[in-house]
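Position chain B against the provided structure of chain A, taking the given hints into account.
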Amino acid sequence: MIRKALWLSATSVFLTLFTVGGHAEDRVLNVFNWSDYIDSSIIDDFTKETGIKVVYDTFDSNEILETKLLAGGSGYDVVVPSGNFLARQIQAGVFQKLDKSKLPNISNMWDTVSERTAKYDPGNEYSVNYMWGTVGIGYNIKKVQAALGTDKIDSWDVFFNPDSLAKLKDCGVYVLDSPADIIPAALKYLGLDPNSTSSDDIAKAEEALLKVRPYIRKFHSSEYINALANGDICLAVGWSGDVFQARNRAVEAKQGVEIGYSVPKEGAQMWFDQMAIPADAPHVAEALEFINYMMKPEVIAKSSNYVLYANGNKASQQFVDKALLDDPSVYPDAETIKKLYTVSPYDPKTQRVITRTWTKIVTGQ
Amino acid sequence: MSSAAVTTASASPATSTGKSVHARLGAAFSGRLVIIIPYVWLLFFFLIPFVIVFKISLSQTAIAIPPYTPALDISGGFSGFLAQLKQLNLDNYTWLTQDALYFNAYVTSVIIAAISTVLTLLVGYPIAYGMARAPATIRPTLLMLVILPFWTSFLIRVYAWIGILKPEGLLNQLLLATGVIHQPLIILNTYTAIFIGIVYSYLPFMVLPLYSALEKMDYSLIEAAKDLGCPPTSAFWKITFPLSLPGVIAGCLLVFIPAVGEFVIPDLLGGSQTLMIGKTLWNEFFGNRDWPLSSAVAVILLLLLIVPIMLFQRAQARAQEMDR
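Top to bottom, those sequences are chains A and B.
When we follow my numbering, the leftmost residue of the first sequence carries the number 1, and every step to the right adds one.
When we follow my numbering, the leftmost residue of the second sequence carries the number 1, and every step to the right adds one.
Derived from the structure by calculation, the hints contain no laboratory data.
Not one of these hints is a red herring.
In silico contact screen, one side only, chain B against chain A (beta carbon under 7 angstroms); selected entries:
# : residue
1 : 63
2 : 65
3 : 67
4 : 101
5 : 166
6 : 272
7 : 275
8 : 287
Quick reminder that beta carbons are idealized off the backbone N, C-alpha and C, glycines included.
Excised from the complex, chain A in its bound form:
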């Protein structure tokens, strides 16, 4: 058994050496992106145009990506972390600065988005936006109508007001198991600074969340997609993209489940998925070529039309499907965009306080 294992690992080492040494002229690029996050024809077109073979690999949580990057030697050339994870990873020295002279298409980017991503990546030196969205309220239109007498949800009040959430308890409420997304929302609802790290403010957010805790069925960061789509729950505080995914699955299933998504009027957190190049990436030139290709207006518009998220490319908006561009839950109007906020990553000490507070809210311990 062990001899076989040794033999297998020896073979794989040999094969690796062989591929590295023997095919140096073949241009390869290793991309690590979120699952279901690109129209695969874009990859084919890129290969056709440049001759670069793309090895496309996917992940489903920032934590998995971060662990691979922090362990070092991931072998990836382009990765797509979210803003607050990106910021910490830049500090840890995970990424290399982008050579802007190789990225002429960067002039297409949308300043409204770039200004905000600069909070995570000062000067946008390490990353380029791929897609962005919000943290808001996904809901089952019919069930909410039955429980509350209205299907118009436009405020955090439906969630943070115990009287209103109590009415939704029986049909089911799910919340992201992610303190960095929910605690700032509570602070915003209370009229406090969502970026606050003061322990008094965090305690107030805890108090607000504990008041509605009895009416929350589960804290989970992915299960709500299925639960919403199947009509098992009536409300979820989640990421816009996931709720759209649930909405599409519900439409495909034809079981009469209709899903709505609302960006609360008090303001919601924006999230950004950013393309970046690891410091130890083996194919930097190819990675830059890929990022530049992804900033072509018609290419990124094709991606948006497929995954149904807003992108950070201003020039692409003329190629984005009209229905998507006019959907305020995807591309909010200028007025709403002003109210959207970003949250800076926590320092390790605050992070510990936040995680501990969160455990108390979720488990009661």
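Frame of chain A, contents of chain B only:
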């Protein structure tokens, strides 16, 4: 594996009397090699990983690659290495004692695992007994049926239970349609769902050792007890159960040990209030990015499990002696 080595080693002198000293030495060497392999295996896949985890548990977090210091870099020569060793300390273990969270998580995990193990035994014993008493011709088929679920991904099987247990799921629909209940039962996201998930997932690990113990049993003993006027229940407790004890112990440990560290089943089927050590470790590792503290949690968990593992080994050794 080691018993196989003993038989080859003891058989070779008898058969090789006429052969050269050379061949005899070769046989002795191959006999030893067979014994060495499990040790090499343990060294590479248990001891070395454990030492690495233990070392990280003595480090401190840092925003770097890897995210802890010191990273034990040997380029600084022997003195540099020694200086790095001096930075190691037990702070993370002290931290674990200061917040009741960790203690509670360990206790909850052990309790959930213990209850699940007892339930698995209660469900598994009749199955194993039925299999062992079934006609020899259909036993392989029954054995196959126990193993069959392993052909589907564990994760998908646990997901399937969500579909069965949810308020509008198969179970509730069936019970409502047959008029047994009038309000859907809330089972999903409760402790009951975790127990169902663990019992279902680990049942084969209980049934197989029980079956192998019960199958070896000499049933003429039961007939003798019957002839002597012993009622079936007391024959079971006086003969069958004691003889199946090695299987019971093996089965219980095979269920208990992985159940303590279970993460997937409580995450998918349990409610958010369930605080098990697997989730606590996840929070430390991924939420706080504190590799050193999560390593300390893992080391304590390992120590917690070594006691039942040692009990298991002693039971195994005793069972082997009984076989002789």
